[in-house]
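Chemist: Taken in order, these protein sequences are the chains called A and B.
Numbered by the numbering used here, the letters in the first sequence go through residues 1 to 547 in order.
Numbered by the numbering used here, the letters in the second sequence go through residues 1001 to 1106 in order.
Hints were generated in silico from the structure; no laboratory data involved.
Worth double-checking, as some hints may not be accurate.
To be verified - Residues on chain A that point at chain B, a partial pick, calculated with CB under 8 angstroms: (1) His248; (2) Ser310; (3) Ser312.
As the list claims (entries may be wrong) - Listing some non-contacts, in silico: residues in chain B with all C-beta distances to chain A over 12 angstroms: (4) Phe1022; (5) Pro1042; (6) Lys1055; (7) Trp1083; (8) Arg1098.
Idealized CB from N, CA, C, for every residue including glycine.
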Amino acid sequence: MITATATEKETKNYLNAEHGLKSWLLTQDHKRIAILYLIAVSVFFMVGGLMAVLIRLELATPAGDLLDSNTYNKVFTMHGVVMIFFFLIPSIPAILGNFLLPLMIGAKDLAFPRINLLSWYVYMLGGLFGVFVLITGGVDTGWTFYTPFSTTYSNGYVVMTAMAAFINGFSSILTGLNFIVTVHRMRAPGLTWFRLPLFVWAHYATSVIMILGTPVIAVTLFLLMLERGLHIGFFDPAYGGDPVLFQHLFWFYSHPAVYIMILPSMGVVSEVISTFCSKKPFGYTFIAFSSLAIAVFGFLVWGHHLYVSSQSAYAGMVFSILSYIVAIPSAVKVFNWAATMYKGNVRLETPMLYALGFIGLFTIGGLTGLFLAAMGLDVHLTDTYFVVAHFHYVMVGGAVMGYLAGLHFWWPKMFGRMYPQAWSKIAAGLTFVGFNLTFFPQFILGYLGMPRRYHVYPPEFQVFNVLSSAGASILGLGFLIPGIYFFWSLKNGEPAGPNPWGATGLEWQTASPPPTENFPITPVVTAEAYDYTEILSANAKEVTHVG
Amino acid sequence: MAGNSKHDEHHIVPVSVYLAVFFTLIALTWVTAWISTVDLGPLNIYVALSIAIFKASLVVLFFMHIKYGTRLTKMIVGAGLFWLALLLFIVMIDIGTRNWIGVPGR
Chain A
1 MITATATEKE TKNYLNAEHG LKSWLLTQDH KRIAILYLIA VSVFFMVGGL
51 MAVLIRLELA TPAGDLLDSN TYNKVFTMHG VVMIFFFLIP SIPAILGNFL
101 LPLMIGAKDL AFPRINLLSW YVYMLGGLFG VFVLITGGVD TGWTFYTPFS
151 TTYSNGYVVM TAMAAFINGF SSILTGLNFI VTVHRMRAPG LTWFRLPLFV
201 WAHYATSVIM ILGTPVIAVT LFLLMLERGL HIGFFDPAYG GDPVLFQHLF
251 WFYSHPAVYI MILPSMGVVS EVISTFCSKK PFGYTFIAFS SLAIAVFGFL
301 VWGHHLYVSS QSAYAGMVFS ILSYIVAIPS AVKVFNWAAT MYKGNVRLET
351 PMLYALGFIG LFTIGGLTGL FLAAMGLDVH LTDTYFVVAH FHYVMVGGAV
401 MGYLAGLHFW WPKMFGRMYP QAWSKIAAGL TFVGFNLTFF PQFILGYLGM
451 PRRYHVYPPE FQVFNVLSSA GASILGLGFL IPGIYFFWSL KNGEPAGPNP
501 WGATGLEWQT ASPPPTENFP ITPVVTAEAY DYTEILSANA KEVTHVG
Chain B
1001 MAGNSKHDEH HIVPVSVYLA VFFTLIALTW VTAWISTVDL GPLNIYVALS
1051 IAIFKASLVV LFFMHIKYGT RLTKMIVGAG LFWLALLLFI VMIDIGTRNW
1101 IGVPGR
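Work the whole structure out from these sequences, hints included.
Modeler: As structure tokens, this is what we get:
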């Protein structure tokens, strides 16, 4: 690790260029908007985390002794809604993507800075609706809003919650639109498509999903609101509707939404592994195109969520085959990361620890997804804890580990300060151990037949639930420690210097934190991405000099 | 950066075109309301959808300027329509093949 001296003079940057609340709330600087998102998303993560604490406390004993059934239903619903719509989907694109995309392509900002700020306000408006529901009584449908329960029977604030997700969707669409136009129109001279960092490819693929998929969930939730509020028949058979149609429309977005969460993480991991092995990623083109392949095939697999509904067996077969196919581009990435590390000079810095955790956990999450894509086995596993464990391995083990890897990797760039290395490595270890202890027992619970969304269960399942709750406390600690040292580092961290990790990429060629205009002069790109020859030869010279 | 120089290439649409599209949309709304009172049997849904698609096309082509947009813009719109077609097609695969294996509900 290369750090700058503490005496380095503090220069003008995006953080100190302007002062006051107004300068933040009306900013059009993509870096400041990313910080606004960071604060908001972190608050929602804590709210969602609090719900998880309640769930795990309740499930520590077989009896329903902490929450009654109705409250438990509302708690797991709010956990899902907050974590998915307000944390996982915006986390990497809106924070790291917003901050880094213009820097990585040598631009001064995103293509539409005002729309970027608008996306944050829309996100906050959606969030306010969510908080209103939370305070006034909650909703009990599960984050999936399945009909006819959500349209006819639920007594919760279904319309308000759907409205929160509906509004939030527009924030997602605006971000995706901004990213696509930026990558097409704002690249620095010489930065051809195949010189783009893999993080940019991943965000491009994510943006395609955002703008093609999100309108469908918006329309679906709108139809749900119309049916619940005005009794217009779309999903209720009594009005001539089809409840399975809701599941089709919901999962047409919500399955690709998993890729909105995981693809940016994959982009982070590609950058981190390349940097900490000082090697060009093995099969750059394959990794880039596998992101697009995931974006396309990810749209064609939604019916594997409907095997136990009245979906036809023939449609189920098609969805099953397509679900197996989507595993191929995901596996391409995992094999290429492993091949990049092979014979590389692997440095186990904190971001790399999280990236390694990502590979292991995402692989388990992906492979257990194949169990669920098998039509026969899925009948046994549907709506059990096996499904809960599977998607937490993908969403937390994959998306959150990638988010933490990215946050630790680019934190020095964002704030110009390092965080304590020893503590950060301890936190990475705790997160990995805590995560596995929380969710691995849930695979066994699910296989043994414990259904999800129940707060009482037979006593023979208690040992696995206690293990899971114990793991959740370790996982909570693993999330809390970075929160503390990140805060601490803002004032007390060692100055980071422009390129503390010895990484390639345009973002590392400007100051940390970057100036408002990103680069004093627009950079001209003359080499491929991930060209480590200069960095390695500079390091070699330094070693010779010291020797 | 190919930014601002493109602004002056924007096509300026005469107000008369906007007015013509507006009045066509209003007229078709009346047609939609009127046709709903006429029983065309199985054609009801097709006629209503045809009018709706025609109206949506007018909005997209003229009010959203796609008729005068670049090829990239048209491609993005095309991708959206293709995705919608994909959604409808695959949902119809399900609905069209239900009960084929003779097990109720499957």
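Chemist: Checked against the structure, which of the hints given earlier come out wrong?
Modeler: Violated: hints 7, 8.
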